[in-house]
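Novice: Each chain is listed here by its residues.
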Amino acid sequence: MQLDGKCPGGPIAEQWDRHKFAMKLVNPANKRKFTILVVGSGLAGASAAASLGELGYNVEVFCYQDSTRRAHSIAAQGGINAPKNYPNDGDSIHRLFYDTVKGGDFRSREPNVYRLAQVSNSIIDQCVAQGVPFARDYGGYLVNRSFGGAQVSRTFYARGQTGQQLLLGAYQALARQRKAGTVHLHTRSEMLDLVLVDGEAKGIIARDLISGELHSYAGDAVVLASGGYVNVFYLSTNAMGCNVTAAYRAYKRGACFANPCYTQIHPTCIPVSGEHQSKLTLMSESLRNDGRIWVPKQKGDTRRPEDIPEQDRDYYLERKYPSFGNLAPRDIASRAAKEACDQGRGVGPTGYGVYLDFSDAIQRLGETAIQERYGNLFEMYERITAENAYRQPMRIYPAPHYSMGGLWVDYNLQSNVPGLFVLGEANFSDHGANRLGASALMQGLADGYFVIPYTIADYLGRIAPGAVDTGHEAFQACRESVEKRISGLLGGKGRQTVNEFHRRLGNIMWEDCGMARSRESLNRALEQIPQLRREFWEDVILTGAPGGLNQELEKALRVADFLEFGELLARDALAREESCGGHFRTEYQTEEGEAMRNDKDFSHVAAWEYSGEDTAPAMHTEPLAFENVQLAVRSYK
Amino acid sequence: MDLTLRIWRQNGAEAPGRLEEHAVTGVEPDMSFLEMLDVLNETLLKEGRDPVTFEHDCREGICGSCGLVINGIPHGPGERSSTCQLHMRHFKSGDTITIEPWRVHSFPILKDLMVDRSALDSIIQSHGYISVSTGSPPDAGTRLIGKPEADQAMDAAECIGCGACAAACPNGSAMLFVAAKVSHLASLPQGRIEAAERVRDMTRTMFSCGFGNCSNHYECEAACPKGISLKFIAKLNRESLKALFRG
Chain P
139 MQLDGKCPGG PIAEQWDRHK FAMKLVNPAN KRKFTILVVG SGLAGASAAA
189 SLGELGYNVE VFCYQDSTRR AHSIAAQGGI NAPKNYPNDG DSIHRLFYDT
239 VKGGDFRSRE PNVYRLAQVS NSIIDQCVAQ GVPFARDYGG YLVNRSFGGA
289 QVSRTFYARG QTGQQLLLGA YQALARQRKA GTVHLHTRSE MLDLVLVDGE
339 AKGIIARDLI SGELHSYAGD AVVLASGGYV NVFYLSTNAM GCNVTAAYRA
389 YKRGACFANP CYTQIHPTCI PVSGEHQSKL TLMSESLRND GRIWVPKQKG
439 DTRRPEDIPE QDRDYYLERK YPSFGNLAPR DIASRAAKEA CDQGRGVGPT
489 GYGVYLDFSD AIQRLGETAI QERYGNLFEM YERITAENAY RQPMRIYPAP
539 HYSMGGLWVD YNLQSNVPGL FVLGEANFSD HGANRLGASA LMQGLADGYF
589 VIPYTIADYL GRIAPGAVDT GHEAFQACRE SVEKRISGLL GGKGRQTVNE
639 FHRRLGNIMW EDCGMARSRE SLNRALEQIP QLRREFWEDV ILTGAPGGLN
689 QELEKALRVA DFLEFGELLA RDALAREESC GGHFRTEYQT EEGEAMRNDK
739 DFSHVAAWEY SGEDTAPAMH TEPLAFENVQ LAVRSYK
Chain S
71 MDLTLRIWRQ NGAEAPGRLE EHAVTGVEPD MSFLEMLDVL NETLLKEGRD
121 PVTFEHDCRE GICGSCGLVI NGIPHGPGER SSTCQLHMRH FKSGDTITIE
171 PWRVHSFPIL KDLMVDRSAL DSIIQSHGYI SVSTGSPPDA GTRLIGKPEA
221 DQAMDAAECI GCGACAAACP NGSAMLFVAA KVSHLASLPQ GRIEAAERVR
271 DMTRTMFSCG FGNCSNHYEC EAACPKGISL KFIAKLNRES LKALFRG
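Chains as they are written, first to last, in my numbering: chain P, 139 to 775; chain S, 71 to 317.
Source of the hints: derived by calculation from the structure; they are not laboratory data. Where hints are given, some of them may not hold.
[Stated by the list, open to error] Estimated spans, in silico, between C-beta atoms of each pair:
(1) G211(S) x S773(P): 32 to 38 Å
(2) E673(P) x T74(S): 31 to 37 Å
(3) R662(P) x S201(S): 53 to 59 Å
(4) G513(P) x T74(S): 33 to 39 Å
(5) P99(S) x G513(P): 22 to 28 Å
Beta carbons: idealized from backbone N, C-alpha and C, even for Gly.
Produce the complete structure using the sequences and hints provided.
Specialist: What follows is the structure, given as structure tokens:
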């Protein structure tokens with residue numbers, strides 16, 4: 139298969155404008171004849187659905203939560219980037235573009251990233267107009283803060299709840315369209331399969347989570363905005379329900395899955411406290427603006443942090459990366475924390491933690507200033523750990539947080555399956571091998587507000603509306619295969635719970651496919667995952683009938699897909715024989731332990747095509763060209 | 071620690087419900103309340119029994135999915151915390167804990183501890199927004215908003231839509247929820263333009279969804295995991311009055 143990103147070409151700053159002009163339009167009177175199915179109601183899904191509704195399309199939205207306001211974008215804390223250059227510190231579209239390409243360790247597609255930087259300013263305008271209460275100064279102007287991986291202040295924020303406020307903005311825009319009748323909401327409804335008619339995406343099968351019934355929905359195009367897949371690690375900062383099913387089912391129907399091995403481990407999360415742990419809580423990376431990260435210099439130093447004098451502390455990020463210091467990108471900060479703990483210098487009861495210390499900042503700025511900036515985060519930290527971070531340093535440790543990989547899309551955000559569009563974290567396109575802080579919110583909203591409304595018309599303008607309905611035999615066949623999957627799970631008399639399997643899968647993924655991976659560990663994972671999968675289908679405990687509300691069945695369906703997807707992730711990690719961004723292969727590092735890229739052989743997107751149950755997937759590559767940012771070794775020293 | 075749980079079990083809105091007693095052992099103080107329920111459910115599953123249905127998602131206090139009445143208190147004894155952020159260190163071994171769903175006329179029980187809160191969405195859909203379409207706004211920097219107004223808007227906008235305010239209210243009122251959204255948007259110049267229509271539409275919908283009126287019990291503020299202030303109900307009332315004179 140030839141993967142063509144269909145980038146328009148020409149000078150990078152003009153590509154998007156020229157492309158917008160070249161694309162087809164749909165006549166205003168015809169728009170209501172087209173039905174678009176949007177799966178997911180996070181920043182990407184909600185903003186897309188609202189914007190498409192405003193344009194006059196007939197939009198159907200699906201989410202597994204009880205309300206579209208609860209998608210996990212809501213939990214993003216830190217902020218959203220835009221190069222407004224309000225602080226007058228030399229920011230520009232080109233600099234944001236450059237930082238993102240470099241931050242992604244030169245594994246993203248230049249034209250997509252440039253477009254992202256271009257439309258990001260409009261996102262701030264849009265959100266302010268919706269009533270998003272971004273932080274302001276006493277003059278009434280918007281303020282910015284700096285964030286990991288950048289040397290300018292370009293991050294807009296709403297206390298420590300930026301994701302919540304942006305999502306509520308999009309949710310409210312969606313509510314307005316619901317009232318206008320352009321959008322229909324299907325909450326508590328989970329997509330379990332994608333329906334293709336003559337090779338094009340024309341519908342989905344979704345399970346009503348209350349009645350347990352399967353429903354078929356037909357549309358002229360399907361937009362997946364179903365989020366990321368790091369719950370494959372079991373413990374992550376994702377919500378409990380976040381899953382790969384929608385994307386993975388699309389993959390099994392022919393959509394290519396790109397770079398699944400690019401997962402981001404976030405450096406500042408609250409450490410694991412015990413076996414019972416069900417999820418990990420992120421502490422916004424913005425804390426690194428004022429907090430200093432350190433561990434004791436000596437192994438096994440059990441003194442309390444306040445008793446460890448300055449000369450016995452190792453501020454390892456400041457030492458290793460003097461120019462970025464505590465603001466080094468996430469992949470670098472996470473690996474450095476792991477390294478310190480692996481050396482036996484970790485802190486806290488488990489030894490898997492490092493200090494994030496605010497005492498200098500409190501001395502310099504006063505407790506009130508710190509409280510104003512991070513009050514809710516300190517409160518959250520205290521609630522979970524019963525420790526007061528104004529008096530003693532926080533303990534943090536890296537945790538799986540974001541997936542840069544996702545379904546392959548072209549410049550129009552269309553997958554290789556015509557009519558299937560993929561937005562936000564669910565696609566692979568903009569962050570390369572590592573995402574910079576405050577860029578996920580930016581990408582989700584860019585895709586939803588400012589890209590898909592244009593690019594979907596280019597597809598719809600070429601087809602006749604309403605050509606397929608749910609009476610088509612493809613729907614029947616697809617539904618039957620979902621029914622079979624469900625009854626296969628419910629049939630047996632197992633002894634292990636879904637959670638136990640998920641935890642075991644997570645262990646394999648974290649140990650062998652986590653922050654550092656090797657040929658040996660990946661081969662081990664590739665052996666263990668299929669065994670675990672077989673065991674799951676034979677021995678999982680599942681009570682109840684296919685109908686009705688059954689939360690265990692919901693979980694089981696998601697874990698069943700993670701058990702297949704984990705293998706794909708490991709396979710991709712094994713094939714990528716280099717270290718880049720969040721993908722660190724221990725065989726490929728410099729003498730100083732830094733990631734070593736191999737641009738000659740791996741400057742490409744690896745996109746995997748499903749080839750059948752018992753056949754290994756086929757890998758296709760899309761070469762990446764760097765014409766505007768010079769390929770260089772990433773240095774934050 | 072070892073605990074006795076009395077949990078509400080009910081199979082659907084019309085079915086009769088009852089409190090069922092369960093013992094849980096080996097609970098750690100660092101567990102969250104929901105992780106303690108996970109332990110119970112794992113045990114029930116292994117015994118071939120139906121696990122307890124309860125709602126949860128982010129487990130970091132922001133999505134608003136979770137919500138249990140614990141010993142008669144919505145979200146339990148923790149201060150300013152949602153159920154998922156309540157930790158077992160608030161309890162001691164030997165305690166008996168009663169766990170019930172939100173009991174609000176407008177939130178029918180779906181199963182066990184899970185209720186249908188779509189009435190809250192209906193209120194937002196009635197006018198809990200600013201009417202702006204994608205693409206039209208001017209540059210964000212051209213609009214100045216005083217810090218006190220922006221801060222007040224943010225204080226109100228922190229609502230997570232969990233419904234604890236209505237669950238705590240003896241009159242089953244969602245007034246704090248409505249007040250938070252009305253105040254968030256009315257505090258900002260871009261939200262003032264349709265403030266009168268908004269407050270009318272939202273309060274009307276609140277009543278038509280079956281919620282009661284505010285009866286000044288102040289229970290809502292005490293139960294709110296985000297500490298949304300009662301002063302916003304006063305602001306809601308002022309906005310309603312202003313709307314009366316705007317015809």
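Novice: All the hints need checking, so say for each whether the structure fits it.
Specialist: Now for the hints, and whether the structure bears them out:
no.: 1; hint: G211(S) x S773(P): 32 to 38 Å; verdict: holds, 34 Å
no.: 2; hint: E673(P) x T74(S): 31 to 37 Å; verdict: holds, 35 Å
no.: 3; hint: R662(P) x S201(S): 53 to 59 Å; verdict: holds, 57 Å
no.: 4; hint: G513(P) x T74(S): 33 to 39 Å; verdict: holds, 37 Å
no.: 5; hint: P99(S) x G513(P): 22 to 28 Å; verdict: holds, 25 Å
In summary, the structure agrees with every hint in the numbered list given earlier.
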